[in-house]
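Following the hints, complete the assembly by docking chain B onto the known chain A.
There are 2 protein chains.
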Amino acid sequence: MPEYKAPLRDMRFVVHEVLEAESAFQSLPGYEEATADLVDAILEEGAKFCEGVLAPINRSGDEEGCTWSEDGVTTPAGFKEAYQQYIENGWAALAADVEHGGQGMPNLLGTAFNEMAGTANWSWMMYPGLSHGAVKTIEAHGTPEQKEKFLTHLVTGDWTGTMCLTESHCGSDLGLLRTKAEPQADGSYAITGQKIFISAGEHDMTENIVHIVLARLPDAPEGTKGISLFIVPKVLVNEDGSLGERNTVHCASIEHKMGIHGNATCVLNFDGAKGYLIGPENRGLNCMFTFMNTARIGTAVQGLAHTELAFQGALAYAKDRLAMRSLTGPKNANGPADPIIVHPDVRRMLLTQKAIGEGGRAMLYFLALQGDIVDKGSEEEAKTADDLMSLLTPIGKAFMTELGFECANHGVQVYGGHGYIAEWGMEQIVRDARISMLYEGTTGIQALDLIGRKVLGTGGKMLLKFTGMIEAFCKEHTDEADKFFVDTLNAYKDEWLEVSMKIGEAAMSNPDEAGAAAVDYLMYSGYVTLAYFWARMAVIARPKAEGDDFYKAKLLTAEFYFKRLLPRTQSHKQTMLSGADALMQMPEDLFAL
Amino acid sequence: MPEYKAPLRDMRFVVHEVLEAESAFQSLPGYEEATADLVDAILEEGAKFCEGVLAPINRSGDEEGCTWSEDGVTTPAGFKEAYQQYIENGWAALAADVEHGGQGMPNLLGTAFNEMAGTANWSWMMYPGLSHGAVKTIEAHGTPEQKEKFLTHLVTGDWTGTMCLTESHCGSDLGLLRTKAEPQADGSYAITGQKIFISAGEHDMTENIVHIVLARLPDAPEGTKGISLFIVPKVLVNEDGSLGERNTVHCASIEHKMGIHGNATCVLNFDGAKGYLIGPENRGLNCMFTFMNTARIGTAVQGLAHTELAFQGALAYAKDRLAMRSLTGPKNANGPADPIIVHPDVRRMLLTQKAIGEGGRAMLYFLALQGDIVDKGSEEEAKTADDLMSLLTPIGKAFMTELGFECANHGVQVYGGHGYIAEWGMEQIVRDARISMLYEGTTGIQALDLIGRKVLGTGGKMLLKFTGMIEAFCKEHTDEADKFFVDTLNAYKDEWLEVSMKIGEAAMSNPDEAGAAAVDYLMYSGYVTLAYFWARMAVIARPKAEGDDFYKAKLLTAEFYFKRLLPRTQSHKQTMLSGADALMQMPEDLFAL
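So the sequence lines, in the order shown, correspond to chains A and B. Last residue of the first sequence: 593 (the UniProt record's numbering), numbering continuous. Last residue of the second sequence: 593 (the UniProt record's numbering), numbering continuous.
Just chain A, same shape as in the assembly (with noise of 0.2 Å):
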């Protein structure tokens, strides 16, 4: 396995350099305190741990994989472990509001934080992932008398969450689900069905999981509309908080899968498990997207991760490697060979690693303070950050595991045939990153999200405001030095508006015509939205360049990133123009002839 190494440079550079984060801190309520020393400190403890306990069992889980018993799952060796050091740190509660256990700590922090320990050992970083997710949810939506019950231990990491959605009909469309609720006499509810995928669903790290579920009433609406949503906790818990009975819900088995091998993935059934409404009724779905926002930019965290780590691997590989002499001569004379990185594709993937990892931080980050924002800023600003997070969930979920499914294959290719083989863990990141293109909402579905509700569905505003930070960005600065950058992002901004005007108006008459273009359109504009965080790094970094390498680093990546990915637009644009037609004329029958 690659060693890992966190990359603190880069990540102060987009906290304090890119987004300012401590003045932002200071105009949000409750987040005073974090001011740079604080978050520099708790990045470098945090750091610590993601390289000395996480990174050193991450192949090791992989190979040893989870095992399921009658009695429950045993995660891999020194899983558990790791665990009880994370919450005995207060990792757990680093981001949680202070008033139930939390250390009150920006949504930023704790996005910089998983982004290390997911970069370390992603199956790991799943099992209190999700309890993130059940945090805010149970926040949101929970009575009193549930924070008190559930909120605490799960911010404090003594317990973890799930978020039982998926069953073996039903994914994507949620409204063909059938697990039910039976309302009983104390008040709470009966939940009987199957659930699957469900990520740490079933382990043995605490005494305690909190499953949130999404079931029927008797007589609810059919569709999306008749879901409720319900804590169920794996052993009851008692009046005085303290543990009761084991409830009905079991792992009935886990899956097989192609990676992140460490983490269960469950079957559970629920036997008529003791549940608890949560939210109104059948307004579940509306009170499960909070969540699923949440599990959206973890999992867009998922692609920087592996874009990481398989970069981190690639490049010591690629300065290490010898094989064959660079095309312009010899640059290592006295040696055998000259080390592959003098070759220009090996430069070509390592750069692609390396820009798509640094403007994906960018983004993400970008993306968790918006977050805090919404969580603590003035309502103005709230209502502007939560557009820019609506609009821009789906391209950071879609784009970022797309492009870090890419970057992970290329850390594989750098090592050529031996990327191939477990030894040296470079196909552990592909197998790890193959999953994050399918859960939380595949690529197809952040695809429509993005172009039907956000951009279409919000009359463009969404887009808009967007478009106008980068116009505002682009009129600011007007240096020359700056201008090829500058510049080119103007012209993208100005064409990713004209092609959703298009798209727009061919939708009107032809709902497929958005369909068909959904998916082309989410990377084209994940393609100018990485433009946009490339190009405020590029001026930040310019004149600031000569006489540092950091800084010179970062303006030639830039450089890289506009010369060689930008123009990927190129295509998307060109494809998603040509019509539904070429898709929707073939009759099904034909396909398989």
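Take these hints with a grain of salt, some might be off.
[Stated by the list, open to error] List time: in silico DSBU-like cross-link candidates among lysine-lysine, alpha-carbon distance up to 35 Å:
1. A/K225 / B/K331
2. A/K465 / B/K563
3. A/K383 / A/K147
4. A/K461 / B/K483
5. A/K319 / A/K225
6. B/K483 / A/K502
No lab work stands behind these hints: they were computed from the structure. None of the values given here were measured: they were computed from a predicted structure.
For chain B alone, kept in the frame of chain A given last:
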């Protein structure tokens, strides 16, 4: 695992209608017997074997894998029996020369059979797969005695062959290899060294294995000009042809890999093993190129195979799985939801697989036919065919495997979360496919071969032969109804020549310009090449499409390819023309910052 059904209708279309193979065979001495009827009969029999014998042990082979012990390697259950049936039915000898026990059928037919066998079970297919290259090498460079001793057994499949190039410190750069060959008194050589990544290097299917090994003679020049080629049998062969002593070549271990678990990837230790020089001293790499080109086309077929299998699996699921309603209103009003094939993005993925699979089949069968013309055609015909093969082999290998991997991933994506679960068999296709961009020369190596040796190295002559074919095709097809395909293709042909010229000019002053453009250039070339084959198929299908679903589907798929895949060229074009600086100017130390 998706059930495999050989696409015989499409195979016949390519063989008979696109390539007009029967008439081609009539003019190739020795192939006159390969009539359309015979070809069809053989394909049908082959399909039965591949569907009935090989496909059922594909997933079990992945799950079980190979087992190493001091005594050798045990292949997964059923592999040995399937191999026995394969040689008993004469499949091994199908396309080999009659002189050495072969059936003398054309290479095109062998490739078609290999496609079916490889789609049904790639891991199994690799055991006999590498024998073809060993056969070609001994045919071309062996002494009469070597042919008698080894060739007949390889042809019938009694023994298998391997290709021993890679050592732990060198794969792409064979000039670095260290394995030694010491001349012995009896005229043989003692081979000492370690080879890695030897596919089918050890197994339990045959009583002997013939290793084709690259090694250095004492005092050989350094680098690639000091490499010689040797035949090293696992079991020595007595003068009378009977098996003698065990040779001192042993399998030290097998690799734990991402995929192709059913195939043994071996570390082979040669401890003074007895070997026989084949071909001239120090010219081993040239002799090995015969082998490597065969293997490269074989690997190109892997891209096609995984595309086809992923398509068949995804199509079945897309018709069966119900989720959400069509954007244009219910298509399955009596069911709880519509089958997902109604959704534009699912169709995008299916049609991508279909277009790449069918287009790739036409391209690779065309390549195989060129091989037949090289073998049996007139000198002039052979020269042209050889040039076309030289140009199109790196494109076929790299482009088809890159696209095969993409299409395997579409297969997973259509299944949603289920695609990630082993039992559905879709994730195995991704894992099996990933090796194809690495072995037999990575995508980067193929790209350098294409742009450096084949295009610029011949002053564009090879490329002009192929674009001349495209031009002739375009001039020939003047019907208004074909205009869209013909005009688009013609414009791309011009653009291809133009970008080749531009890169050639840039590379004159800076060789890194060729390296920096290489992979984008190869992918661009691949899309244009496939456009040529799709245009050929479209003009054949168009007049027959009315009232015939097969031709109608073909025409619609051609339209999809031109409208929604061919535009990918535009990103590659813009990127490759953006210059080498963006890749080369980053100092090595700055990558980490």
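Here is how each hint holds up against the structure:
Using a Cα cut-off of 35 Å, the hinted pair A/K225 and B/K331 holds, with the two alpha carbons roughly 21 Å apart. Taking the CA atoms of A/K465 and B/K563, the gap is about 32 Å. The hint holds against a cut of 35 Å. At most 35 Å may separate the alpha-carbon atoms for a hinted pair to count; A/K383 and A/K147 meet this at roughly 26 Å. As the CA atoms of A/K461 and B/K483 are separated by approximately 42 Å, the hinted pair breaks the 35 Å bound.
Distance restraint check for A/K319 and A/K225: the Cα-Cα separation of roughly 57 Å exceeds the 35 Å cut-off, and the hinted pair is therefore not satisfied. The hinted pair formed by B/K483 and A/K502 meets the criterion: a straight-line CA distance of about 26 Å does not exceed 35 Å.
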